[in-house]
Each structure stands twice: as C-alpha cells, then as structure tokens.
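**Q** Spelled out from the first residue to the last, the chains are:
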Amino acid sequence: MHPGHDRQRPSPEAMLRAAQAEERQHRRGHLTIFLGYAAGVGKTYAMLETARQRLAEGREVVAAYVEAHGREATEALLEGMETLPKARYPHQGVELAELDLDAALARRPELALVDELAHTNAPGCRHEKRWQDIEELLAAGIDVYTTVNIQHFESASDIVTQITGVPIRETVPDSLLDQATEVMLVDIPPEALLQRLRQGKVYVPEQASLAIRQFFRPGNLLALRELALRKTASRVDDDMRTYMETRAIAGPWPVAERLLVCAGGSPYSERLIRATRRLADELKAQWFTVYVETPRLAKEQQENRQRVWRDLRLAESLGAEVATITAPSVPGAIIDYAVRHNVTRIVVGKPAKPRWREMLRPPIVDRLIRLSGSIHIHVVSFQPAPPAAGTRSRPRPGLGSWTDYLVSLALVAVITALPFLFWRDISPTNQVMGYLLAVVLAAVRFGRKSAILTALFGVLAFDFFFVSPQWSLTVADTEYLITFFGLFTVGLVISTLMAETKMRAEALRERELQTESLYYLSRDLAVAIDMASILEAVRKNVGEALEARLAVLVPDPEASERVRIAAASEGMALDAKEMAVADWAFRNRRPAGSGTETLRSAQLLYLPLCTASRTFGVLGVSLAATADFFSPHHRRLLDAFAAQISLAMERVDLARQAEQAQVLAARESLERALLNSVSHDLRTPLVTIIGALSSLHGESPSLSEPKKRDLLRCAWDEAERLNRFVGNLLDMTRLEAGELRINREPCDVQDLIGSALTILDRKLADRDVSVQLAENLPLVEMDMVLMTQVLVNLIDNGLKYSSADSSLEIAARLDGEHLLLEVRDRGPGVEEQHLSRMFEKFYRLPVPEGVGGTGLGLSICKGIVEAHQGSIYAVNRAGGGLRVVCRLPVQP
Amino acid sequence: MNESSSKGHPCRILIVDDEPAIRRFLQTALADDCFAPVLAENGHAALAAAVAAKPEIVLLDLGLPDMDGVEVIARLRQWSQVPIIVLSVRDREADKVRALDAGADDYLTKPFGVGELLARIRVMLRRSLQQAPEPVIRIAELEIDLARRLVTVRGATVALTPTEYELLRLLATNAGKVLTHRQVLKQIWGTAYLEQPHVLRVNISNLRRKIEADASRPRYILTESGVGYRFRSDS
Chain A
1 MHPGHDRQRP SPEAMLRAAQ AEERQHRRGH LTIFLGYAAG VGKTYAMLET
51 ARQRLAEGRE VVAAYVEAHG REATEALLEG METLPKARYP HQGVELAELD
101 LDAALARRPE LALVDELAHT NAPGCRHEKR WQDIEELLAA GIDVYTTVNI
151 QHFESASDIV TQITGVPIRE TVPDSLLDQA TEVMLVDIPP EALLQRLRQG
201 KVYVPEQASL AIRQFFRPGN LLALRELALR KTASRVDDDM RTYMETRAIA
251 GPWPVAERLL VCAGGSPYSE RLIRATRRLA DELKAQWFTV YVETPRLAKE
301 QQENRQRVWR DLRLAESLGA EVATITAPSV PGAIIDYAVR HNVTRIVVGK
351 PAKPRWREML RPPIVDRLIR LSGSIHIHVV SFQPAPPAAG TRSRPRPGLG
401 SWTDYLVSLA LVAVITALPF LFWRDISPTN QVMGYLLAVV LAAVRFGRKS
451 AILTALFGVL AFDFFFVSPQ WSLTVADTEY LITFFGLFTV GLVISTLMAE
501 TKMRAEALRE RELQTESLYY LSRDLAVAID MASILEAVRK NVGEALEARL
551 AVLVPDPEAS ERVRIAAASE GMALDAKEMA VADWAFRNRR PAGSGTETLR
601 SAQLLYLPLC TASRTFGVLG VSLAATADFF SPHHRRLLDA FAAQISLAME
651 RVDLARQAEQ AQVLAARESL ERALLNSVSH DLRTPLVTII GALSSLHGES
701 PSLSEPKKRD LLRCAWDEAE RLNRFVGNLL DMTRLEAGEL RINREPCDVQ
751 DLIGSALTIL DRKLADRDVS VQLAENLPLV EMDMVLMTQV LVNLIDNGLK
801 YSSADSSLEI AARLDGEHLL LEVRDRGPGV EEQHLSRMFE KFYRLPVPEG
851 VGGTGLGLSI CKGIVEAHQG SIYAVNRAGG GLRVVCRLPV QP
Chain B
893 MNESSSKGHP CRILIVDDEP AIRRFLQTAL ADDCFAPVLA ENGHAALAAA
943 VAAKPEIVLL DLGLPDMDGV EVIARLRQWS QVPIIVLSVR DREADKVRAL
993 DAGADDYLTK PFGVGELLAR IRVMLRRSLQ QAPEPVIRIA ELEIDLARRL
1043 VTVRGATVAL TPTEYELLRL LATNAGKVLT HRQVLKQIWG TAYLEQPHVL
1093 RVNISNLRRK IEADASRPRY ILTESGVGYR FRSDS
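The listed protein sequences derive, respectively, from chains A and B. Going by my numbering, the first sequence opens with residue 1, and the numbers climb by one from there. Going by my numbering, the second sequence opens with residue 893, and the numbers climb by one from there.
Hints may be right or wrong, so weigh each one.
[To be verified] Just a few of them, taken from the derived set where beta-carbon distance is under 7 angstroms, the chain B residues facing chain A: (1) P1003; (2) P1089; (3) H1090; (4) R1093; (5) S1097; (6) A1107; (7) P1110; (8) T1115; (9) S1117.
It is worth saying that the hints were derived from the structure and are not from the lab. Where a beta carbon is used, it is the ideal one built from N, C-alpha and C, also for glycine.
Please put together the full structure from these sequences, using the hints given.
**A** This is the structure:
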C-alpha cells in the first residue's frame, strides 16, 4: 500500500459519517437558522421573505409561531400565509402566548416557521425551552425555519456577557447550530441598526428597556457582529471540510486532538467549560469533561454538588463527553483518564489564590503538570471573581458545636486529673502520651473537630498543669514548645486521617449498597419468568435502594402510544398530567419529568425502558429529595436499573414469543391429529347414514319391513353419534380457545346427579345405578351445565366399558374444602400406564370393537374440571373396575 | 293431536327459521291433517305473518339474520299470548334464559326428534286451551289439592312449609312449561331475591326429598341445567 494512494480515497469512516449524517437528515426535518447579531437586524423579516419564496415554489408553509411585534412590513409578509393560533398559558395573572406544539404536530406542514429559537416557554408547556419544541418538530419530519441572535448560543453567551455586561439568561445548545442544515446570516451595518432603533423600529420590551439600550452601543454591536460573522464562517468552513473529506480532497488535516476539562463546581468551572468548547471548536477536537469525586464530596454541601452537576449538564449540552470518576486524588485520576482516552490537551483554570495557601497545598495545576508527561496542559486564567451571584459558598469549617467542646474538655480533664489522683510522679513525656491517647479517642469516637479541640485543650492543659512554671501558661524551658507543636500536629494529622478514612468508608459503603442493590435486582430479574415477577423485583429492589417510590408503566393495549400503570408503590397515584409526561417519555424514548429538561414540572422522573429494538414501558421514580433528581449518583443508578429492567423485559418478551411459536407448533400437530380424527369420525357415521337412507329412498322392492326398520335404526344411531362427536368437537374447540366461560352458581349436588341421570335415562333403562350421597352436602359453586356434561360423559363411559349386568355407582362426599364426585364401574379397568394419559386429547384406550368413543370425552371433562380449579383422575378399583374422581373446590 | 282435529280445523303453526333445510323438514314433518304450517325466514317476516295468519303456536329459531329472536318474542308478547317454543342450539343456555324471561314458553335444543317436538306442541296447545285451573292436580302418585292446600303422595299427606307449597304450586300449575330461576325467584320470593339462587336450590332440594321417591332421579320436578325447572306433565 502506498500512502499516497491512500490519501486519494475517502476513509471508510469518513464515508460512513457522511452517510449517517445524510440519513439522519432524511428522517428528520431540516432546520434553517436565521442568525442575527442583535434584535432588530431583521431576522423575522428575512425568514418570512424566504418563506414566501418557498410558498411561491409551491411548498406547504405554515407560520406556527411568528412574532411581528406590530411591525407593518413584517405583518404584510404574513398575509395570505396559513398561521396557527397560539397556545395561551395563564401565568401570574398574565396570559402568555406560546407555540402550540401539538397543533403544529397535528397540522404537520412541510415547513413550519417558529420565531425566536432561544425563547423560554411559559410554565406548563411541555418543554422548558422553545428549541426543544423545535427538536420535536424536526423529529416529526417537519422542516423548520427559526430565528436567533448570536448571544444566545451557549458557547458565545459568556463572551457576550463579558463584552456587553448584560447577562444572557436564554441560551440554546451549540449543537443546534451544528445540526442546522442551513444557517442564514442576517446582517445590517451597526449604524443602520442604531438608526432603526432611534426610529423606534426595534421592538424593546418595556421593563428591559434600560438594559437593552445599554446593550445597543456601537462597540457592543460591532463585537457581536464579528462574533456572528465568525460563527457563520466557521460553519461554512465545516461544510467545506466535510465536502473535502468525502471527496477525498487532500488538505491539511489537523491531527486529531482530544481535550479534557475538569469540572469542579468552582465559580470558574462554567467559564472553563465554555472556553474548552471554543478551543475544541477551533481545533476540531473531541472533548471530555470529567468530574472527580473524592470521598470529601460526601461532606460537601448539597448546593455545591448541584453546581457540579449543572456544570456537567452544561458540558454535555455543549457537546462534551461527560464522565464522573471516583478516586482518592484528583490529579492522578485526571491523568489516568486522559491517558486512557488518548487526550492530547488538558484544560485547567488557574484561580488566583493567596500565595500562602499555594505553599501549604500545591494547586492542582502544579500537580497535573508534574504528572502529565506528553499531554499538554492549557492553563486558562481568569480575572478575579465574576459577579457575586455565581460565587460558591464553600462550607467553612466552623468552630464546632458545644458537644465537641464538652467532649474535648471532658477527655482532657480526665487525662489531666489522673496524675493528681493516682500517680503524682509521672514524667511529662508520659503525660503527653496520655493527651495523645485522648486525641486518638476523640478522633475515633467523635470526629475531626472534637479531635482538634482535644489537641488544643491538651496542649493548654499540659502547659498549665505540668510544665514549669506550673499553674501558668508561660513556659520556662523553650524546648517544651517542640512538645506543644508535636502534640498539636499529631492531633491534627490523626484527626484528618481518621476523618478521611471514615468518609471514604462511608462513600464506599454507599457505593457498596448501590452495587448490592443492582446485584440483587439483576439476580431477581434473572429468574423472573414473566412480567409480574419483573414488576415485583423492581418494586422490591429499586424502591429500597433509592428509598424511592416508583411506578412501572407499560403500554396500554387499548390506546396506542399510551401507557398505563402496571405496578406502583403503595399509595402512589398519577394524575392525568403525570400520565401525559409518562406518555411523552414512552413515545419519544427519552427521559422526562423532574430532573430533566422536558416537562420538568412533573412530580416524578420518567425513564423510558427501552432496548435497541423496542420500548417496553416507562419507569416513574419519585425520590425523597428533589435535589437527588439531579445527582449523577442517582441518575447513573437509575439508568442502570432502567437498563436492567428493559433487558429483563425484552428477555421475557422474547421468551413469550418463543413460547408462542412452540404453542403454535403444538397446536399445528394437534390440528393434524384433529383433522385425522375428524375425517375418520365424521365420515364413518355418514357412510352408514347415506347408505341406509339411499337404499330406503330407492325403495328397492326386495326390502322387507323389518329390514327397513333396521336400516332406519342404524341411520338414526349413527346420526346421534355424529351429533355427539360434533358437540364434543365444539366443546374442545371452545376449551382450546379459552372461550369456555364458567358460569358459577350455587348448585345442589343431588340435583346435578339427577339431571345427568335424566339425560341418560334411556341408556340407563335397565342398569343398576346407585347414588351415594354424603349427609349435609353444601351447595357447591360450579357451572351446572358444564358439570352435568362431565358427569354424563363419565357415566356414559362407565356404561360403555362395563357389561350390561354390572352395577354402576355414583358417589359424592366432602374432603375438607373439596367435593369429591366419583363414578365407579365394574368394567375391566385401565392398565396402569394408561391411567395418567387417558385424559389426554385423542388418546384412545385399547378397547373392544364398537365401544370406541371420539377420544375427546375425557379430555373435555378434564378441561371443564380444571376450569373449575379442580382436578380429575382415575384409579383401578380393588375387585376390578375403574373409579374416576373429580375433585372440585366447594368455594373457589 | 286429537285435541286439534277435534276442533275441526288444522292448527295454524308459524315456523320461523332462516335455514331452508330446517324449514322444509319441519313443514314436511308437521304438514298433515292436524297442522297448517306458515313459514317465515326472518324476524320481520315472522312478525308480519303473526299478524296476518294469527297462528295458534309459534316455533321460533333464536339465531335470525335480521333481528334478535328475543326481540321477536318481546314484540309478539306486546299483543299476543300465543305459545312460543324456542328452537336453539346447545351451549346457549344464556340465550334460552333470555328468551324464556322475555315470554317464551318452552325451548327445544337442536337437533331434536319429531316425537319430542310434537309432545311439546301438545302440552302448549293443551295449556292454551285450558280455561280455568283444575282445583286438584294429579300427576302419577302425586296429588295437589289447590283449594285445601293439601299435598299427598301415594295417599299419604306430605307436610310442606308455606314456601315449599308455594313453590310446588307454581311449578305444578305451569306443568310442562319451563320456568327460569329468575321467574321462580321473582314469583315466590320477590325481586329482592333475584340474585340469591341458593334459596331456590335449597327449597327445591327439600321439596324433592319430600315428594320424590328417589331425589337423585326426580320424576316430578325436573332440572333444566342452567335454565330452570320444569314440572312433569302427563302428555
């Protein structure tokens, strides 16, 4: 292979990427962004103008949400264009107009116009931001035209804030710009814009007018304009690059760079992350954001934690790969991660700290540089503290509570008192040992603060009581200062070590608990064979592990794309609004609800339970603390749970499908047997019937009267047999199809036996039949019609298989909560190996000629009895004969 | 069939069934001096024929193509007390009960023999001819003196509770006719007991023990599984 040749051909990866991107574009709608650098540059106007061109080209264009702000020229453009009514949301006494997303989705135009991409929706809307609405429109295959100003993009917002001094609240992810099929820059010179502003042609909301006016300064506008131009230019560059890549045009490809930035919850993290994104953009590099969790975090305040998670989410929305690592040391973990992921540059901030603190503890930057090896370290420096709103309030180690003081004082007092009480001549060295012991005790039992206090009190007490001059804090021998220092330092070190060990142990224990719960869940799910056991396992394990209340929702068979509750924690009820959120998560296969950016006003977090192939339902979780919804710990664990549950559901589903296939196969073979049986059993009687009737119809003169009667009798008997067989077949079919409905009513057992005997009256004419009924039989809940049929079948069988002069017994008695109904004959009985199989379908006992039934009678009996939650079996009687027993519950 | 012929004219019988084969069979089996069959193949035709021909008895198939058989019964009952025998297939006990509750007098399960059909028709015709109820009902060895509220079996007086007597009287005065569980419950115990079938079961069981020679093979009160009871009629 010549490297030169290689260069001419596009790499398979590049082709694949381009193809994938193209395919995504096919399925999704195209997004066109009209990008401006400030309000009033004419974005909406430009969008409408372009839309009118599309309309003229014959495309279906609908203005889903366009804000004309009363400008006549803009409104004129809207004329004749289909406009969707806006959704109204009442909010604090004002009615807010919003995009009616559902109406737009229902209308499904080719092209929808949605103004103001960066808009924040009114509370109560499905999504928090309008760009999420637009995402949904795109996902539905609708092309969208939208407008936005440059300052609203995440990566630009802090630069803009720096330039203009106006904080930007409404931001959109940069990925939208990457996704856009086209970006149209709407540009007018700043002088012209200022002119328009003065003429009142720029819409300025009343309450913000001062800030906005401050914003519209020539310097600001120039800077913003440059930013917008640069952004567009870099996109054009991107397009060019993709083009060159796919066409294998050799160019100066940059070495694949990978950047890594560390989020630490500091006030600078956000800016650091944005800076890294910009750097990554410039370098066309992939970038990572990691957060290193040290055991210390467990002690940190909830608020700081939340800041870290917000940083991580920001990084994710800016396109970073995000990871959380747990490790004892931050720099070590970062370098480790960087090496594993071939990171080329690490971006760190260098906050200005007082020099003495740097000396005490070298900043992470220094340690990173020492460890980094071949990885470049970018140090980004910041101006001192951004606006106070963003500063974090790190928990200051307080002076300790009064219990700490008490404990420490008590310990020191005991140690101090010992020599005075027992051992007057103890040497000072040993007394120091005593104080050290107290420090260790305090550290182990009462924690860090108490240990430090004990060390401090110990030093003071030692000085006061034991070091000459006694009873004073002055020291004669300066060498004791070393002892003081040693005692205090040892106290500090021990207490710090103890505290860290404790915290680490706690963090480990928490981890362990979570791992354990995951293990228990997967163990329970592994043995789950059906949906019910999966739901039980989920309720048991997930609920316990997270101390959460939850609901598992599965697709509603009655409404497509909707879910219904399959299992829920006790007392958990979901109202229509919550169900709508669950439906959304189910339909879109994305998390929704509390802790997400979609429908976050919901009480619960809804995670879709889906695998690559299907969505099986939604897991709704309600955590004890709202903050927990944002915790990566919980989210990761929940994601793991959801993945496990989805897999188990898929497995059960596949098993069910396999079982269905098996049942189908079994049914097929049964159907073959049925067909054989049917063809034989239906034809045989018909042969006789048709034969007999045809000979009678023909009126052949040779037939004598008795012969004619004989033939008629034959035909009649065979017709009766056919009737029975067809009846049996129908019953069997009904049983098989599960359509046999048991219509329970209280039945008198004697009545049951009586009606069976009445039906068989003709056959029983001269048989000795005895009925043995136990005293005081209760009424039994059963289907009288079906059970009569069972009894008729059994008695009929008994009659068939025994000689005409033998007796038949029918008995009914109670066995606990069950009724035993027996039919006993004195026939030949059944060979042991056939006893268990005689109730199977089409199982024919080897019987004398002429007696053979359809092979269905007994299996129908079995089906009916089992439908009554009863059982049926046969045993040979002592002294010959067969006893068939039905065992039925008296009160099912 | 003596009853009909004795009246001098053949009995007009309306046969309603959508199956041509069954209509043909019934027409052939019944068309003799005693019966004059009128045929209808659906519900509307049946109702029209009932008005035009004024049949003395109706054989009605429940599975009609244009309307529910029960509906036909209900409409007929709005103006006529003509005896109706329902023809239905097996396993449709619920339909039979609905038909009987709607006012049908009896039912026959397909397939049936002509002998059975004629016996049922005879009972119905006799019942509709009967003017006033006999004061004493005699069937085999059972004698019910309605005037004196006295029940005897083989000459021996049977002591019945008031409910049992009422039950027996209801069944016996409707001899040959099927009474559904609901009909009996409603008449003896009232509507409040419609969903209390065990009351009926227990009383029937007790009654049988008192009047039947072998309660396991009853000869007077016959059970129609899943439908109701029929008192034996000597026909």
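**Q** Next step is simple, just say for each hint if it's right about the structure.
**A** The hints, checked one at a time:
no. : hint  : verdict
1   : P1003 : holds, 6 angstroms
2   : P1089 : holds, 5 angstroms
3   : H1090 : holds, 4 angstroms
4   : R1093 : holds, 5 angstroms
5   : S1097 : holds, 5 angstroms
6   : A1107 : holds, 6 angstroms
7   : P1110 : holds, 5 angstroms
8   : T1115 : holds, 4 angstroms
9   : S1117 : holds, 5 angstroms
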